[in-house]
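S.K.: So the protein lines, in turn, are chains Z and F.
Here the first sequence is numbered in my numbering, starting from 1 and rising by one per residue.
Here the second sequence is numbered in my numbering, starting from 1001 and rising by one per residue.
If you're looking for bench data, these hints aren't it; they were derived computationally from the structure.
Be aware that one or more of the hints could be misleading.
What the hints assert, rightly or not - Just so you have them, the derived chain Z footprint on chain F, three or more residues with Cβ under 8 angstroms:
{"no.": "1", "region": "1011-1022"}
{"no.": "2", "region": "1160-1172"}
{"no.": "3", "region": "1182-1191"}
Stated by the list, open to error - In silico BS3-like cross-links for lysine-lysine, where the CA-CA straight-line distance does not exceed 27 angstroms:
{"no.": "4", "chain 1": "Z", "residue 1": "K376", "chain 2": "F", "residue 2": "K1192"}
{"no.": "5", "chain 1": "F", "residue 1": "K1057", "chain 2": "Z", "residue 2": "K390"}
{"no.": "6", "chain 1": "Z", "residue 1": "K390", "chain 2": "F", "residue 2": "K1142"}
{"no.": "7", "chain 1": "Z", "residue 1": "K56", "chain 2": "Z", "residue 2": "K134"}
{"no.": "8", "chain 1": "F", "residue 1": "K1142", "chain 2": "F", "residue 2": "K1052"}
{"no.": "9", "chain 1": "F", "residue 1": "K1116", "chain 2": "F", "residue 2": "K1080"}
{"no.": "10", "chain 1": "Z", "residue 1": "K112", "chain 2": "Z", "residue 2": "K134"}
{"no.": "11", "chain 1": "Z", "residue 1": "K376", "chain 2": "F", "residue 2": "K1078"}
{"no.": "12", "chain 1": "F", "residue 1": "K1080", "chain 2": "F", "residue 2": "K1156"}
{"no.": "13", "chain 1": "F", "residue 1": "K1168", "chain 2": "F", "residue 2": "K1142"}
{"no.": "14", "chain 1": "F", "residue 1": "K1200", "chain 2": "Z", "residue 2": "K384"}
{"no.": "15", "chain 1": "Z", "residue 1": "K390", "chain 2": "Z", "residue 2": "K376"}
{"no.": "16", "chain 1": "Z", "residue 1": "K219", "chain 2": "Z", "residue 2": "K160"}
{"no.": "17", "chain 1": "Z", "residue 1": "K390", "chain 2": "F", "residue 2": "K1120"}
{"no.": "18", "chain 1": "F", "residue 1": "K1045", "chain 2": "F", "residue 2": "K1192"}
{"no.": "19", "chain 1": "Z", "residue 1": "K216", "chain 2": "Z", "residue 2": "K160"}
{"no.": "20", "chain 1": "Z", "residue 1": "K390", "chain 2": "F", "residue 2": "K1045"}
{"no.": "21", "chain 1": "F", "residue 1": "K1200", "chain 2": "F", "residue 2": "K1051"}
{"no.": "22", "chain 1": "Z", "residue 1": "K56", "chain 2": "Z", "residue 2": "K89"}
{"no.": "23", "chain 1": "F", "residue 1": "K1168", "chain 2": "F", "residue 2": "K1120"}
{"no.": "24", "chain 1": "Z", "residue 1": "K376", "chain 2": "F", "residue 2": "K1052"}
{"no.": "25", "chain 1": "Z", "residue 1": "K91", "chain 2": "Z", "residue 2": "K80"}
{"no.": "26", "chain 1": "F", "residue 1": "K1142", "chain 2": "F", "residue 2": "K1195"}
{"no.": "27", "chain 1": "F", "residue 1": "K1048", "chain 2": "F", "residue 2": "K1166"}
{"no.": "28", "chain 1": "Z", "residue 1": "K384", "chain 2": "F", "residue 2": "K1116"}
{"no.": "29", "chain 1": "Z", "residue 1": "K390", "chain 2": "F", "residue 2": "K1078"}
{"no.": "30", "chain 1": "F", "residue 1": "K1142", "chain 2": "F", "residue 2": "K1166"}
{"no.": "31", "chain 1": "F", "residue 1": "K1142", "chain 2": "F", "residue 2": "K1080"}
{"no.": "32", "chain 1": "Z", "residue 1": "K384", "chain 2": "F", "residue 2": "K1057"}
The beta-carbon is built from N, C-alpha and C at its ideal position, and this holds for glycine as well.
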Amino acid sequence: MRRVYLDYAATTPIRPEVWSAMEPYLREIYGNPSSLHSFGRESRVAIEEAREKIAKAIGAKNDEIIFTSGGTEGNNMVLKGVAFALQDKGKHIITTPIEHHAVLEPCHFLEKLGFEITYLPVDKTGLVDPDDLKRAIRKDTILISIMHANNEIGTIEPIKELSNIAKEREVYFHTDAVQTVGHIPVDVKDLNVDFLSISAHKFYGPKGVGALYIRKGTKVYPLLHGGEQEGRRRAGTENVAGIVGMGKALELAISELDREMERLTKLRDYFIREVERRIPDSYLNGHRIQRLPNNINFSFAYIEGEALLLNLDMEGIGVSTGSACSSSSLEPSHVLSAIGVPIELVHGSLRFTLGLWTTKEDLDYTLDALERIVNKLRAISPYKQGWTLKREG
Amino acid sequence: MPLQYSEIVLEHFRNPRNVGIIEDADAMAIEGSPACGDQIVVYLKVDKETKKITDIKFQSFGCASNIATGSMLTEMVKGKTIDEALRITWKDVAEALGGLPPVKMHCSVLAVDGLKSAIKNYLGEKREEKFTKEDLVNILSKILYPNLSIDIVSLKMVNYININEKGKVYIELVVSPEDPFRNHIKEEIEEKLKKVPEVKEIEIKFVY
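Just need the whole structure built from these sequences, with the hints factored in.
M.R.: Structure, rendered in structure tokens:
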């Protein structure tokens, strides 16, 4: 059976070149980068080379990059680290309701500790209005955290405009760029942010490793206390092979960024057009233009997403859904709910995310299967067009 | 957390049985809602005599386990009497499916609730259709007085009728003790009324 992976926003496979770059550091080069002997120095050199690659890729200085275990750690460190470092100045943080759980959950934790969080409204496409941010900033606001692009609907936020407002009011600005680094241009100077979270496995690097950009001179407490690694900002022996793999992966992603963006945008728009042409009562979620090149998110009326997902899975196609039924907590997508998608359409949502190995043939195969499966499930559904019961009229 | 479905669940999900609408259903019920992400609609056809479920169909707005439990449950109850069907629990359905992930047990509960509601509606509808005096008059007005081809109601032979809550029918007929067709009329009334399930007892008195 043909297998089509369309869940690149969940994770990506490691590129062969990345694996080749990592392999020596899982075998013969095993020294602890903190050791002074030659064994350690070999690892140290590899880490610093990777740091340089990552710094260069996002327009940062080498010492503004620290290595983490991934996006979740980076986000946790910024939220908690700034909250603890600046709590004497204020206890107010601004974010959005469509952030990843790795931002929202630390916020909920901080609320329990007495911090106040403002969740900015978002429009139907998921965009934040800069005027809302202006109004929300208070004297005691210590941090603003707004994602660069949303992982579910792919909407790209106007970070530059938002961070400039933060700068005027002298409030730290963090952006979770897990979905954008390696996918669209990301430059910390251009975006004018103080913190930026990166995760390697979203751009064909290994899982369990990430990076955090911390603008020089920015006050933040570490999340992990221990050894003196990463300039005392992140304790723990470095994940050497992972870091090397991340450096290589980002270097490769940047080198082909423009070409890949153009290719994926074409594929994305082809898929969206075909779904809208072939499947009635399907609704695109998110922004049509201000959108990640690889993200497609549709709601299909009258049917439920997990049933759709599993049917596609049986045809070898891997996608994800915002339906409550797919999660162990039975909570529907907070992102789709926040942008005002009616709850029954949240249950009927599917996300297709494209990547390096996605071809037009893959999409045609998926479109055929999707059309067939939607029709099959709609035949089982009690509803027909307009959400009326089939037996009525 | 990925959900692990049994082979039986996946098979029923792939090829669900008894899907659709019964146009002339004796009862139907809707359980759940699309907003909850889980809904099942059950249609029943019941044999009035035997009380057996002769046909059952379902529709689903729901996930794989919702579809699979609907399919399995309808297979399980087909041909069973409504009393037998009411004894099936959500655990029975989940077991028949080779188990369900714990977070999906509610799908089985939903399907069983749908069936129970449909049966309740079936029984409820019949209660609404309960045997009334009008129904009784209707039956009596179809009983003809022999040789005259005129019904006993039109002949004003029916003096008094009553039906009590226990299903006892009481009829007073004005018939002369000499009338040769006295017993014939009585037997015919009894024969007709015995076909009515709600009629448990019949008393026919002749007055003159």
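S.K.: It remains to establish, for every hint, whether it holds in the given structure.
M.R.: Outcome of the hint check:
1. 1011-1022: holds (count 5)
2. 1160-1172: This one is violated; 0 residues, fewer than the three required, reach chain Z with a Cβ under 8 angstroms.
3. 1182-1191: violated (count 0)
4. K376(Z) to K1192(F): violated (49 angstroms)
5. K1057(F) to K390(Z): At roughly 14 angstroms apart (the allowed maximum being 27 angstroms), K390(Z) and K1057(F) satisfy the hint.
6. K390(Z) to K1142(F): Violated: K390(Z) and K1142(F) sit about 40 angstroms apart, past 27 angstroms.
7. K56(Z) to K134(Z): Violated: K56(Z) and K134(Z) sit about 32 angstroms apart, past 27 angstroms.
8. K1142(F) to K1052(F): violated (30 angstroms)
9. K1116(F) to K1080(F): holds (13 angstroms)
10. K112(Z) to K134(Z): Status holds; Cα separation ~26 angstroms.
11. K376(Z) to K1078(F): holds (24 angstroms)
12. K1080(F) to K1156(F): violated (46 angstroms)
13. K1168(F) to K1142(F): It holds: about 20 angstroms lies between the C-alpha atoms, which stays within 27 angstroms.
14. K1200(F) to K384(Z): Roughly 45 angstroms separates the two Cα atoms, so the pair is violated.
15. K390(Z) to K376(Z): Holds, at about 15 angstroms.
16. K219(Z) to K160(Z): The given pair, whose Cα atoms are some 21 angstroms apart, holds under the 27 angstroms limit.
17. K390(Z) to K1120(F): Holds, at about 22 angstroms.
18. K1045(F) to K1192(F): holds (25 angstroms)
19. K216(Z) to K160(Z): holds (19 angstroms)
20. K390(Z) to K1045(F): Holds, because 18 angstroms separates the two Cα atoms, which is no more than 27 angstroms.
21. K1200(F) to K1051(F): Holds, at about 17 angstroms.
22. K56(Z) to K89(Z): violated (33 angstroms)
23. K1168(F) to K1120(F): It holds: about 24 angstroms lies between the C-alpha atoms, which stays within 27 angstroms.
24. K376(Z) to K1052(F): violated (30 angstroms)
25. K91(Z) to K80(Z): holds (11 angstroms)
26. K1142(F) to K1195(F): holds (14 angstroms)
27. K1048(F) to K1166(F): holds (20 angstroms)
28. K384(Z) to K1116(F): OK: K384(Z) and K1116(F) at ~25 angstroms, within 27 angstroms.
29. K390(Z) to K1078(F): With Cα atoms ~23 angstroms apart, K390(Z) and K1078(F) stay inside 27 angstroms; holds.
30. K1142(F) to K1166(F): holds (24 angstroms)
31. K1142(F) to K1080(F): violated (35 angstroms)
32. K384(Z) to K1057(F): It holds: about 17 angstroms lies between the C-alpha atoms, which stays within 27 angstroms.
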